[in-house]
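Take 389 as the starting number for the sequence shown in my numbering and just add one per residue.
Rather than coming from a laboratory, the hints here were simulated on the basis of the structure. Even for Gly, the Cβ is constructed at its ideal location relative to N, Cα and C. Treat the hints with care, since some could be wrong.
Unchecked claim - Now the in silico label distances, taken between C-beta atoms and shown as ranges: (1) T461 - A404: 18 to 26 Å; (2) K451 - G412: 37 to 45 Å; (3) G413 - A469: 14 to 22 Å; (4) A404 - D470: 40 to 48 Å; (5) H463 - L419: 35 to 43 Å; (6) I471 - S435: 19 to 27 Å; (7) T393 - I471: 31 to 39 Å; (8) E455 - L401: 36 to 44 Å.
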Amino acid sequence: MVMLTAQSLLKELPAAFPIELELGGTKYQILSVLRFLAGRRIVLHASNDSGEFVLKLFAAQGKGQQEYQHELTAHQHCSQADIAV
389 MVMLTAQSLL KELPAAFPIE LELGGTKYQI LSVLRFLAGR RIVLHASNDS
439 GEFVLKLFAA QGKGQQEYQH ELTAHQHCSQ ADIAV
């Protein structure tokens with residue numbers, strides 16, 4: 389299985405799945421791409437021994453950084469309102 393970085397995923401989609409991705413010391417098997425906006429963000433269907441996940445990765449600059457800040461603010465508002473996210 390191919391091991392990719394988050395940075396490489398944000399630039400170009402892989403040719404075949406599954407692939408392996410390590411984030412923060414945790415390895416995930418990427419099963420499919422749910423949404424891809426080149427250079428901005430990618431939403432992935434992933435799994436590991438703990439279960440299945442939806443991972444959303446943002447580019448560290450430009451529009452990706454703006455979208456990350458928006459997502460973070462929305463998450464904080466939901467948490468403060470006791471809305472499970």
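Hint-by-hint comparison with the structure:
1. For the hinted restraint 18 to 26 Å between T461 and A404, the CB-CB distance of approximately 36 Å leaves it violated.
2. For K451 paired with G412, a C-beta distance near 23 Å fails the hint of 37 to 45 Å.
3. Between G413 and A469 the C-beta distance comes to about 31 Å, which lies outside the given range of 14 to 22 Å.
4. Distance hint check: the CB atoms of A404 and D470 are about 42 Å apart, consistent with the given range 40 to 48 Å.
5. Range check, H463 to L419: about 24 Å between beta-carbon atoms, so the 35 to 43 Å window is missed.
6. The given range of 19 to 27 Å is respected by I471 and S435, whose C-beta atoms sit roughly 25 Å from each other.
7. Separation of T393 from I471 is about 32 Å and conforms to the stated range, judged on CB atoms against 31 to 39 Å.
8. For E455 paired with L401, a C-beta distance near 18 Å fails the hint of 36 to 44 Å.
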